[in-house]
Amino acid sequence: MTNGVQISAWEDDPGNGVPGDGVRVTRPAPDVGRAPLAFSFPAPAPAAAVYQPGTPEFRYWTAAEALRRGADFWAALVPLTRWHIGDVLPVLLDEGEDLNAYYDRQALNFFHGDSPDGTVYSGESPDIICHEMGHAILDTIKPQLWGAASHETAAFHESFADISGILSALQLPSLRTAILADTRGQIYRASRLSRLAEQLGAAIRAVQPDAVESDCLRNAVNSFTYEDPVDLPPGAPASQLSSEAHSFSRLFTGAAFEILGGLLNAQAAGGAPTEAQLLAVGNDLGRILVDAVKAAAVVPNWYAQVAAGMVQTSAAVNPAYPPIVKAVFVRRGILSLHSAAQAPKFANAVNLANAVGVVAAAAPSPSLGVHLALPAEHYGLDEPLLVEPAAQQRPFMAMSAAGDATSLQPASSSRAATSYVDDLFRRGRVDYAGQGKPEHQLNHGRRLRSHRVVKDHEGLKLQRVLFDCGLCCR
Amino acid sequence: MSDPTPPPEDERIVPNDRESISFVKGLVAAGHAARLGPDGVLPRGATHEIVGETPGGLPILVRRRFGGGMAG
Chain A
2 MTNGVQISAW EDDPGNGVPG DGVRVTRPAP DVGRAPLAFS FPAPAPAAAV YQPGTPEFRY
62 WTAAEALRRG ADFWAALVPL TRWHIGDVLP VLLDEGEDLN AYYDRQALNF FHGDSPDGTV
122 YSGESPDIIC HEMGHAILDT IKPQLWGAAS HETAAFHESF ADISGILSAL QLPSLRTAIL
182 ADTRGQIYRA SRLSRLAEQL GAAIRAVQPD AVESDCLRNA VNSFTYEDPV DLPPGAPASQ
242 LSSEAHSFSR LFTGAAFEIL GGLLNAQAAG GAPTEAQLLA VGNDLGRILV DAVKAAAVVP
302 NWYAQVAAGM VQTSAAVNPA YPPIVKAVFV RRGILSLHSA AQAPKFANAV NLANAVGVVA
362 AAAPSPSLGV HLALPAEHYG LDEPLLVEPA AQQRPFMAMS AAGDATSLQP ASSSRAATSY
422 VDDLFRRGRV DYAGQGKPEH QLNHGRRLRS HRVVKDHEGL KLQRVLFDCG LCCR
Chain B
734 MSDPTPPPED ERIVPNDRES ISFVKGLVAA GHAARLGPDG VLPRGATHEI VGETPGGLPI
794 LVRRRFGGGM AG
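As you go down the protein sequences, you meet chains A and B in turn.
Each residue of the first sequence is one higher than the one before, starting from 2 at the first, in the numbering used here.
Each residue of the second sequence is one higher than the one before, starting from 734 at the first, in the numbering used here.
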């Protein structure tokens, strides 16, 4: 029986750059064998008590506490009554020497290995524990992903597992309070919450410096944007994306973490977010993600499928969420502007088939003197947007180089204008200034706007407001 | 732990289009695809077992675990 007994455990990953300086918490002794989502360990559990770090007993209770906390979170949220493999998921805390951990549809497997600071046990890190358990959760929700021959589905499994680590960590009140203080309420900043598996990352870095990020195994605060993984190399330094699942997973994890920050800002409504709000938006993100995963078809462009589903499912959680979710996915390139606009819940019935065309402009000098009317439904505007295309006659032909060093044909002025305006909206650089319907627009939060939408007798026009150095856009 | 039981047909990854060929080649390049060792155990760094070969010489795979490449 463990009722009323306290144990000591790591609050999150014990590696924070200072050996032996992880944050400890005292928690009620967990019942790992309790359904739903029960666990089993091969050896008898040590007596529930407060043990010192570095002992097998401390490692056991750290793992048990993280597993119970994470499983309780997902079991209630999804909801789940059993694992894909049955009622009980075995846990093997030290299967030998390796800097690794894995889920194999039979057990959660953890290892130990050398690091500059001594022996590292992957089963001692709540980040890694809840990552591996996240694989088992997703395998239960969507077992069809297990054998899918797709970069994106494999990478998503890693991303979901990392998100599991983050959302499970948020179940701890002490961690929520600490993270809000560390980030001053701006969750989308590098912190103990965004950094996953610092200790294992340091051990791997000592062996292979470019295999992991500079401060952890993977950081959920990153600036990766979508590229077709089929066109990416199979491996790359941690600073770049490759098609390898753990590498490519960082794109979706970064988007999800950015959404978490956006949802928290929306909840706080300009004030300082509270730890209760942080818990609430963490639970909201989990629900949005799970509902989207359940509904998504298993196809090669899985990221876009899930992202579109998240836009849709977020509306049922909170009507303020879809513009935030859309904005992040569009900014990351996971969803195109058109895809985001056509998420079924928000499809605009307005037919803009006749919206494209160059119209005469009465704009005075120093403008270019013509306006191009761009379809603007996918920007969240009710009528075409008049923009000034770069349409002056070229005195000579200059072309950029493609990746294979061949020349790229320059885009037509209309295509170039469309691409440019798309980028402005994707990056949140346009002030809608009250035009259009807010529920159809992208809410990028507080950003420096270089352009604004204005309405005059000809219609809606895009006007530049300022030039800036571009260093404050993400 | 390893699972020596034969996989169902629908869990076999046969590289037969652009996406699946790229996926399988990526696993092979990263060392995440391997045959079972003499002891019947999949090497630790591998996530997929090689269970066959296409006429074109590419391996046919079955996933055996997630997480075999924490370092990415």
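Calculated directly from the structure, the hints in this document are not laboratory data.
Positions of the beta carbon are idealized from the N, C-alpha and C atoms, including for glycine.
Careful: at least some of the hints might be erroneous.
Said to hold, decoys possible - Straight-line alpha carbon distances no greater than 30 Å define the calculated DSS-like cross-link-like pairs of lysine-lysine that follow:
id, chain 1, residue 1, chain 2, residue 2
1, A, 143, B, 758
2, A, 295, A, 143
3, B, 758, A, 462
4, A, 438, A, 462
5, A, 456, A, 438
Unchecked claim - Take a look, some chain B residues computed to stay more than 10 Å from chain A by CB distance:
id, residue
6, 769
7, 773
8, 789
9, 790
Hints versus structure:
A hinted pair counts as satisfied when its Cα atoms are at most 30 Å apart, and residue 143 (chain A) with residue 758 (chain B) qualifies at roughly 25 Å. About 7 Å separates the Cα atoms of residue 295 (chain A) and residue 143 (chain A), which keeps this hinted pair within 30 Å; it holds. Between residue 758 (chain B) and residue 462 (chain A), the direct Cα distance comes to roughly 49 Å. Violation of the 30 Å bound is thereby established for this hinted pair. For a cut-off of 30 Å, the pair hint linking residue 438 (chain A) to residue 462 (chain A) stands: about 16 Å separates their Cα positions.
For the given pair, residue 456 (chain A) sits about 14 Å from residue 438 (chain A) by alpha-carbon distance, which is consistent with the 30 Å threshold. Residue 769 (chain B), annotated as away from the interface, keeps every beta carbon of chain A farther than 10 Å; the closest lies near 13 Å. The non-interface label for residue 773 (chain B) is consistent with chain A: the shortest C-beta to C-beta separation is roughly 14 Å, beyond 10 Å. Its beta-carbon lying about 15 Å from the closest one in chain A, residue 789 (chain B) satisfies the requirement of being farther than 10 Å from that chain.
Non-interface call for residue 790 (chain B) relative to chain A: holds, since the shortest CB-CB distance, roughly 17 Å, exceeds 10 Å.
Checked against the numbered hints above, the structure violates only hint 3.
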